[in-house]
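Keeping their order, the protein sequence lines are chains A and B. Heads up: the first sequence begins at 1 in the UniProt record's numbering, then just goes up one per residue. Heads up: the second sequence begins at 1 in the UniProt record's numbering, then just goes up one per residue.
Source of the hints: derived by calculation from the structure; they are not laboratory data. Bear in mind that the values here come from a model prediction, so they are computed numbers and not experimental data. Check the hints yourself; a few may be wrong.
Reference listing, derived: stretches of chain B covered by chain A, where coverage requires no fewer than 3 residues with Cβ under 8 Å from a Cβ of chain A [said to hold, decoys possible]:
id, segment
1, 179-187
2, 366-374
3, 590-603
Chain B is nowhere near these chain A residues, computed Cβ spacing over 10 Å in every case [claimed, not checked]:
id, residue
4, Leu2
5, Arg12
6, Leu25
7, Lys67
8, Glu72
Each residue gets a CB set at the ideal place from its N, CA and C atoms; glycine is no exception.
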Amino acid sequence: MLTIASLKKGQRAIIGEMTSQDIPLKLLEMGCLPGNHVELIQIAPFKDPLYLNINDTFLSIRRETAKLIHIELIPDE
Amino acid sequence: MSKQINVALVGNPNTGKTSVFNNLTGLNQKVGNYPGITVEKKEAVVKLSRNLKAHILDLPGTYSLNATSLDENVVIELLLNKNDKDYPDVVVVVSDVENLKRNLLLFTQIKDLGLPTILAINMADRMDRKGIQLDVGLLEKRLKTKVNLISARKNKGFTELRQSIMDHQKLSVNPCLEASKIDKEYFESLKKAYPKQDLYKLWLVITQDVNFGKTNRNRITSQNGFKPKSDSEIKRLQQKETIKRYQFINETLKETLTKDLALAKGLRASIDRLLIHKFWGYVIFLAILFLIFQTIYDWSTYPMDFIDESFLAMSEYVKDVFPLGMLSDLISEGIIPGIGGIVIFVPQIAFLFLFISILEETGYMSRVVFLMDRIMRKFGMSGKSIVPLVSGTACAIPAVMAARNIESWKERLVTILVVPFTTCSARLPVYLIIIGLVIPDERWLGVFNYQGITLMLLYLLGFVTAIGSGWLASKMLKIEFKSYFVVEMPDYKMPIFKNVFYTVIEKTKSFVFGAGKIILAISIVLWVLASYGPTDDFDNAESIVTASLDVTELSQEEINTEISSYKLKNSYIGYAGRAIEPAVIPLGYDWKIGIAIISSFAAREVFVGTLATIYSVENDDEQTIKSRLAAETNPVLGGPLFTFASGISLLLFYAFAMQCMSTLAIVRKETGTWKWPMIQLFGMSGFAYVVALIAFQILK
């Protein structure tokens with residue numbers, strides 16, 4: 001399964017179903033919802049945390065959280 | 001008499017809510033704390049019209065009504081409690097035009113509480129540049145409220161906003177969408193069980209999941225056929241609610257907002273490329289830190305010297321003008337030096353907060369949090385712990401408070417526990433005087449000054465110990481915690497002078513009045529203990545000293561100093577110092593330093609003043625104290641008292657010991673129990689004793 005953690009820098013994807021109970025509600029409130037776009041902007045040194053653009057909100061989350069959020073890749077635009 | 005209404009300002013972080021508050025209220029704002037907790041409370045009363053005043057309350061920034069931190073908890077607690085004296089008549093939700101979608105989530109939640117709610121869209125001046133168009137009329141219709149476009153930066157739209165606040169009774173209190181739709185059956189049974197309560201409020205009370213120490217909430221229990229849901233079911237419903245709200249917001253914005261994406265690209269990407277670069281990012285951060293410290297210590301010396309001289313002059317003036325006696329002594333030797341001891345740190349603290357608030361305002365601090373999270377996590381903290389650790393170099397009190405926005409309780413606790421290790425400005429006077437005594441003022445390789453290197457090493461030592469003990473504490477503390485880390489990366493902005501100015505004033509005030517009270521009280525107690533003695537030796541000091549000295553060879557001033565020195569030795573504090581002498585001799589100190597250590601347990605900077613008194617130096621001029629100290633001999637080993645060994649031992653003791661009552665008090669407040677401050681007090685001071693002991697025994 002692809003997750004946000006498997007994105008490469010600059011890659012965009014669509015957020016899929018969110019089933020894990022461990023995803024903080026705050027993340028949903030920031031716009032991380034099924035169907036929204038996510039782009040990986042930058043990875044911090046030592047590979048963590050991740051800097052994302054989700055639905056035009058810029059935020060950073062840790063890799064362990066990113067691994068819980070499934071995505072579908074957008075075919076090359 | 002004119003009427004007064006309560007206005008609550010609410011909004012996401014980084015929407016410019018504080019500037020809106022500053023623009024609405026100007027300089028008549030008051031800063032305090034919420035009863036029982038140290039979350040900051042900013043409020044002001046402003047006149048809206050001839051017979052209407054508004055009490056404006058600035059609530060902490062929050063993304064939603066689902067509290068995950070103490071700050072956010074304040075917001076929900078106020079909005080749910082109709083009996084609170086601050087319960088708003090109208091809520092102004094401040095949002096940022098570029099992040100309207102996300103900001104509206106909070107708006108729709110507050111609207112569901114049945115409160116008149118105005119939407120103030122800030123940074124409207126950026127709309128053209130960002131290619132944003134907004135149909136305000138239609139937006140008002142969809143959101144069932146008044147929408148005001150404002151720009152806090154350009155001070156535009158505030159007349160209209162004030163008018164909307166005045167007209168708040170005309171606003172609809174109908175919700176935008178009803179939360180009960182997410183599970184009809186559940187909400188109906190809830191309604192049946194609690195028919196008198198507002199349904200959405202009940203739901204909020206049920207769902208609050210505060211991962212923050214202890215919060216006692218009256219859990220809604222099963223009664224009248226209502227069955228509570230499990231935590232995971234509730235969480236699913238919350239997710240459903242959020243999705244539902246976003247559906248409504250998306251539909252609303254589709255009709256009312258257009259964005260030209262080609263224009264939307266900003267500076268962000270190119271600045272980010274440099275500031276969070278895996279190498280240059282750290283170099284820049286270190287350079288900024290270095291610059292901050294450099295300028296703090298450089299620039300601060302001028303106002304600090306001025307303050308020092310002014311207080312000295314004031315003391316002299318009191319002595320000259322008032323009739324001799326106890327009261328004059330108390331004022332000139334207890335109170336004035338006590339206040340001076342606090343005010344002297346104002347320049348350093350103000351400069352530090354000037355820099356920190358600029359870094360916050362520009363959006364840079366979030367990048368530092370991003371860069372440091374991985375590293376700090378290794379030591380049991382979060383990237384957000386960097387802000388408290390850096391603030392700790394000014395003063396641990398605001399630093400402990402700055403830990404508040406760390407979501408996980410464990411990471412927050414660890415940060416609070418280790419912050420006092422960072423070298424605060426109160427250690428500086430102690431360091432400077434001891435370094436001046438025992439470290440040669442020479443250069444190494446002709447460039448680096450040994451004294452400067454020592455000072456730098458002490459700062460580094462504080463930071464390394466803080467980090468190391470963080471690692472230890474996180475291994476030892478068995479606390480179950482949810483690791484939240486969701487940090488918004490705001491746009492880069494030019495700082496607004498007004499905001500920076502108010503922050504500096506605020507923080508400095510809270511230092512002066514918070515720590516100041518304690519330091520002043522201690523100075524007075526010390527003065528009393530040093531001014532009275534248990535035996536006749538104290539009272540007859542004058543005749544005893546004059547009898548033992550060859551009066552003809554000494555000036556009156558020298559005789560007086562001898563007398564006060566003798567008095568101090570026989571005062572209450574003198575007895576206390578001699579009582580603990582056996583404990584401090586292995587560290588290389590005598591009873592006089594013992595006294596200074598005891599008295600500085602309340603606050604480190606008291607050390608220098610106490611030494612000045614003990615060594616009967618007429619004023620606490622550094623050079624005078626130094627030359628007096630250099631002449632002291634060690635009571636056990638003989639030879640000079642201040643050697644390299646005893647000096648290093650004393651430096652290390654001051655680097656580690658928990659000598660600050662104000663910090664202990666603030667930690668008690670922030671953690672809600674005496675357990676943690678006591679662990680700090682005994683843990684740190686015990687560690688300091690052992691390290692100082694080892695250092696002296698090895699070096700002597």
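Do the hints match the structure? See the list:
By the rule of at least three residues with a Cβ nearer than 8 Å to a Cβ of chain A, the coverage given for the segment 179-187 of chain B is violated, with 0 such residues. Under a criterion of three residues with beta carbons nearer than 8 Å to beta carbons of chain A, the stated coverage of the segment 366-374 of chain B is upheld, 6 such residues being counted. A stretch counts as covered by a chain when three or more of its residues have a beta carbon under 8 Å from one of that chain; for the segment 590-603 of chain B and chain A the count is 0, and the coverage is violated. With a closest Cβ-Cβ approach of about 21 Å to chain B, Leu2/A is found to remain outside the 10 Å limit, as its non-interface label requires.
Residue placement check: Arg12/A keeps its beta carbon more than 10 Å from all beta carbons of chain B (closest about 14 Å). The Cβ of Leu25/A sits about 6 Å from the closest Cβ of chain B, inside the 10 Å cut-off, so the non-interface label is violated. Every C-beta of chain B lies more than 10 Å from that of Lys67/A, the closest at about 13 Å, which supports listing it as non-interface. Look at Glu72/A: its CB is around 18 Å from the nearest CB on chain B, clear of 10 Å, so calling it non-interface holds up.
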